[in-house]
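Peer 1: Below are the chains, spelled out letter by letter.
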Amino acid sequence: EPEVTQTPSHQVTQMGQEVILRCVPISNHLYFYWYRQILGQKVEFLVSFYNNEISEKSEIFDDQFSVERPDGSNFTLKIRSTKLEDSAMYFCASTRRGAPPYEQYFGPGTRLTVT
Amino acid sequence: AQKITQTQPGMFVQEKEAVTLDCTYDTSDPSYGLFWYKQPSSGEMIFLIYQGSYDQQNATEGRYSLNFQKARKSANLVISASQLGDSAMYFCAMREEARNQFYFGTGTSLTVIP
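Protein sequence lines correspond, in order, to chains A and B. The opening position of the first sequence corresponds to residue 87 in my numbering, with each subsequent residue numbered one higher. The opening position of the second sequence corresponds to residue 97 in my numbering, with each subsequent residue numbered one higher.
Among the clues, some could well be false.
Here are some chain A residues pointing at chain B (derived, C-beta under 10 Å) [unchecked claim]: (1) Phe-135; (2) Lys-143; (3) Asp-148; (4) Gln-150; (5) Arg-197.
These are computed hints drawn from the structure, not numbers from a lab. By construction, the Cβ of each residue, glycine as well, lies at the ideal position given by its N, Cα and C atoms.
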């Protein structure tokens, strides 16, 4: 069964460094999402992406964040200058189409630890 | 105001019994979708069930059913015949048709007791 993959599974970085989190959505999916989940807390929407552009972003998704689909398969989240509070699990998700049931397939997540 | 509210931080249920996990939502969009996801201790997010705001019948998927009460803005998840493998965190979520954005609740931790 096709699945969303994410790399790396765990990233440790120093405060102020740039990180790039990578995702490979399911191949025939058109809508892509990034979420974060601080340990033990709820899943928070960061950004949605369709047709090579951002369709929605939350207030969390400030100028330090950017997303890109550099080729036909990868979907990346970049954090330019990491802060301690960016430590969280980051999930990528994709959906096949923009119609119900909007079933999202989530990747296994990347645990980001900022020290 | 919170878009999704889950008021039960933790729930316990006896194996083979049914359990209801509560979810209320807030939106002014007439068209929206409601979702439930399961997050086991391993961390992955697993889609369980979807209910559209215009769906006349409550959604069902195997042992999962969604008790949709539109006037009360509630979308409770009912798990019948609980199994030990149902022990996990459960998140309610909503997507408003006008926006390609999903809102999640704070989750309910379900523990199934043998």
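Peer 1: Under the constraints set out in the numbered hints, which ones does this structure not fulfil?
Peer 2: 3, 4
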